[in-house]
Structure formats: C-alpha cells, structure tokens
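2 protein chains.
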Amino acid sequence: MIDKLIAGIRKTQAPIVVGLDPTLKFVPEHIRRKAFGEYGETMKGAAEAVWQFNRAIVDAICDLVPAVKPQIAMYEQFGVEGLIAFQKTVDYCREKGLIVIGDVKRGDIGSTSEAYAVGHLGQVRVGDTLCRGFDEDFVTVNPYLGSDGVKPFIKVCQEEKKGIFVLVKTSNPSSGEFQDRLVKDGDGKERPLYEIVGEQVAAWGAECMGASYSNVGAVVGATYPEQGRILRSIMPKAFILVPGYGAQGGRGADLVHFFHEDGLGAIVNSSRGIIAAYQQEQYARYGEENFADASRAAVLAMKEDITQALAARG
Amino acid sequence: MIDKLIAGIRKTQAPIVVGLDPTLKFVPEHIRRKAFGEYGETMKGAAEAVWQFNRAIVDAICDLVPAVKPQIAMYEQFGVEGLIAFQKTVDYCREKGLIVIGDVKRGDIGSTSEAYAVGHLGQVRVGDTLCRGFDEDFVTVNPYLGSDGVKPFIKVCQEEKKGIFVLVKTSNPSSGEFQDRLVKDGDGKERPLYEIVGEQVAAWGAECMGASYSNVGAVVGATYPEQGRILRSIMPKAFILVPGYGAQGGRGADLVHFFHEDGLGAIVNSSRGIIAAYQQEQYARYGEENFADASRAAVLAMKEDITQALAARG
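For the protein sequence lines, the chains are A and B, in the order given. Counting from 44, one number per residue, gives the positions in the first sequence under our numbering. Counting from 44, one number per residue, gives the positions in the second sequence under our numbering.
Check the hints yourself; a few may be wrong.
Just so you know, same-sequence chains aren't split out, so a pair can sit in one copy or run between any two.
[Said to hold, decoys possible] Below, in silico cross-link-like pairs of lysine-lysine (DSSO-like), each with a Cα-Cα straight-line distance of 27 Å or less: (1) 68 x 232; (2) 198 x 47; (3) 227 x 194; (4) 131 x 232; (5) 194 x 68; (6) 47 x 204.
Bear in mind the hints are in silico, worked out from the structure with no lab data behind them.
Model the full assembly from the supplied sequences, consistent with the hints where possible.
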C-alpha cells in the first residue's frame, strides 16, 4: 500500500493528506438545516450532515491529493450513526480512488489488537465466510503496549498489502510529557523515548517493506521540526505522516526535515485548514455555500507552500 | 461513579468485573447456528450471535458482580454491525444495574480526545439538542499523548459524574518495552516510565475525587504483581482496574498487592475465564447448552479465590 501511496504522491505532486475530521461547527448551515429537517436534531441528523459535508469536499479535492485521513473520533462522537457515516466516507473515498488512512490510534494487547487490525484493515471469519469491516488502507496505531500490541497489525498488513502509521512524536503541546522523557538505550546513552519508539518502528518496518519504503510508517507532528529531522534519519525507510500543519501551527518551512532529499518520505495532513477553509478570512470570498471550492483553493495553497519550502531548502 | 462502583463491590462482596470480550469461537454452536440462520454468515449474523451470547451471560452473572467490561475491539471487528451489538450490550447491562467499563483505550490530541470523551461518556450537541452516544460509565484511556490527551476525558467525567481508568502498566508480555524504560524523575532519580505515568494519574485524579477514591483510576496488569505493589502506593487514591487474571496467567495470590488493607482499591477483570468457562475442563460438566451457568460458577470460583487470597495476606 505504501507503493500505491507513493505513486499517488508522484501523480498529484502533492504529499498531502486531507483530514476529514468534521465537527458540526465546520458544516455549513444549509447542509445542517437540510439534514436536521430530514432526521431531526438527532445522531442520525448529525451523521447525515457530516456525510453530505464530506462528500462535497471529497468531490472538490479528489483529483488534487492522493489520500484522505478521516479521524474516527469525530464520527464516534455521534455513536453508531456516526460510525455509519465513517463507513460511508471510507467507501466513497476509495471509490474515488483516494487512499484512506483511518486515524484510529488503536492499540491493545495482542489478541485485542488483532481484532482491531482485522476490523479496520482485514477480514474476519464468520462461519465459513470472510467479511470485511471498515476496510481502510492504512490505520494509525498507538505503541504504548509494545511489540505484541503492534505486530498483529503488521501481520494483517502483510496479508492484505496494507499499512500502518505508528505514533512516535505527536503534534500536541503535551506530547513531550512522556514521549520526550530521557531513557537509556542499549549502549547506556540517554535519549528521548520517541527515538526509542522510532527505532522500533524501523525494526517493525523491516518485516513489511514495499519497493523503497516500509508499509510501517510513523506519525511525527509538524509542530516538532527538529525532532522530525532526527527521526527522519533514525527511520530512513519509514514514511512519516505529519499532522499539525496549519491550524495547529506547523508551516511549510517546518516540514522540510521530514522529507528525504528526493522529496519523498513524508505526507502532510491538514484538517481544519482545508475542510473549514471557508470560515477563514482569506477564503471568505467563496461564501458558505461554496465551502468545497474554498477547500480546493486551500489544498492548492498548501501544495504551493510545501513545494516552495522543499525547493528553497536546496 | 467511583462511589457507585465501590458501593457495588461492597454489596456483592466481589471486586470483580466480567470482561465481555466475545469472539465467535467462544459463542456456543446453537447460538451461532440460530443467528446465522436468521442473518446469514454476515457481520449482522456475527453481531446477533455475540449479542445473544452476551445477554445470556449477563442474565446469569448480574447479581454476582458490580460491573462488566466490554472490550470494544471485539465488536469493532464486525464493523458497524458489531458496534450496534456493543451499544445493545452497554444498554442492557446498565438496565440490569451493572456498571459498564468501556474498554476502548482511546486517547488523542485535545480536541479529538474531547470527541471520544463526549461520544463514550457524555453528550454531544446537535443543533439545540444534547444527544448521548455509547454512554458507558467508565472508559479506559491511553496516556501516550500526555495531559492534553487525558484532560478532556476528566472534564467530561466531572460534568457527567463518570470515570476513567488510565493505562499505566498493561498486562501483556511486551508491556515493558516502553513502559518499563528507566527515565529520570524531577529529582534526577531513575525510575520506570510506568511510575511517572502513575504519578500523573494521581495528579489528574486529585481534580476528580469521589468520597474516598478518585474517578480517575489506573490499569495495572495482574501479571505484574510487584509493580502493582509500588503503583498502589504511588497512587493511593486511584482505583486499580486489574486485567490479566485467569487466562493471561494472573492468580488470586498475585492480586493482594493491588488492594489496600481495607480490601478496597482494586477491581479484577476476567474475560475468557468467565465467558468461555464452559470450554474449560473444570466446567465441562455444564455442557455447551448451559454455558451461562458455567460462567456463573466461574465467577463464584474467582470470588472465592480473591476472598481467600485477601484473607490469607493477614
């Protein structure tokens, strides 16, 4: 799957993933009004609003980027109805030729991680029949439980030719609270925990290689460019999924260290900055009705920002 | 909610939570046959089998224990249909007076954790209406992202009088890979990461106290009794949810350090050992048809084991 993602990045010339993380306050009023009119102010109404919003944005951006990243929490907040909208979104994006990175951050003891892996990436046996669940192309995985919480995902990736991104250094302000703690490595040298996790990502990834990168990637926040540089060298074959661009504070110039010299090796996520672009002053001219056009313009601006930053690092 | 849990433990004299972690291989053939007959070998058929299985077990054990812990991965593996069965299970258990600990191990950046917290413990605003999602009483939370990934859960706990259990030292074999790494604390002393996380649990918990324990508890595996003893003293007001009893190798004698002298402070989970008791030699006499009676007998045996172990520590 990493090879397919790289092919998509090459084709679009955009190492960009659009985060489909809808909250109702991002959904334009005319969409909310219609959905609530049909289903009431209920979970079903909310889910319908989110789904219609997503569909319009996907239609507007699907030729510009290789991938989308729905954040499952934003659907799970609406209970079962929200997860139906998540499933519709995944299916629709795949129909449109987009690679879907399910931002689920799952991770548990072995047998439980296996259930998550099967439900999100693989197939589950029901009697003599194999059934597919959410069927994303990649998912994000939390490493706190160690190898036996991650390896069941890798096994399913090998079987299904899919991939994962393991949390290494997250984009949020308090990510350092545990991830930056200095620990001793095998040589007795003190290093931050995220480097140790990064080394494990490289080791896990060796079991699941694509042509030039591994199907086991890493999540490293755009908000920590210096750590990105170090992790880029610790995990040379891991593709880095970079959240935190835009609304969380990351800028194009912060991103260059996440990429290899050939311009590959990273894919940058923006969520709010794209899906709620129409609410920003610089895209206000599109108007609420044309929110999807504003999203398209925001993708193009982000592509330009990253392209310039990569060109400028010379 | 911790006060309600403690009241339930006192009433039943059983510091036990039954893990409702059904895989299809635990579900007796007559239930599978009926469900697949009705809905085919589909996700819906699987979800129906799981739900009927759960309901019979809940009916058989609901007067013996204060709480159940459905592991959401075991439902999520069946996609949306599985999550409908999860919701039915949560609702049914609460109707029966059981406290529901959703074993979801969620955790993300602040705004995303907020969506999980709202979806699992709280209420989400849809237009002018507040709607409830999965509505468990407690959930488990992964701390890898630090305070801003945990605090949104605590905020919802305060509003809704609910609780969380934060992963500190998990029960699985490779939990030590990151959790046991020696890190320097504030005084420059080297201590394992799980102790640092435990201290944070104590600090977070101070913001969300019940009468004698906090609504912010911790997960510490039965398979690590010595670490349990240390964590018990680091987090004196945190209730400890202890997985790993039974099938994962933990025994009653391993558990005593997780409890305070007054016999409170911990609640022990068993999943397979109870829900699939009928598949074990010692309960084979019940027969597959009477699987729920075997589960009831297994709960009584576990209660006896823990009671004896606590009495014996003198």
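Hints, one by one, checked against the model:
1. 68 x 232: neither (48 Å within a copy, 47 Å between copies)
2. 198 x 47: within (19 Å within a copy, 41 Å between copies)
3. 227 x 194: within (24 Å within a copy, 29 Å between copies)
4. 131 x 232: Classified as neither: same-chain Cα gap 48 Å, cross-chain 51 Å, threshold 27 Å.
5. 194 x 68: Between. Shortest inter-copy distance 22 Å satisfies the 27 Å Cα cut-off; intra-copy 38 Å does not.
6. 47 x 204: Intra 10 Å, inter 47 Å, cutoff 27 Å: intra-copy only.
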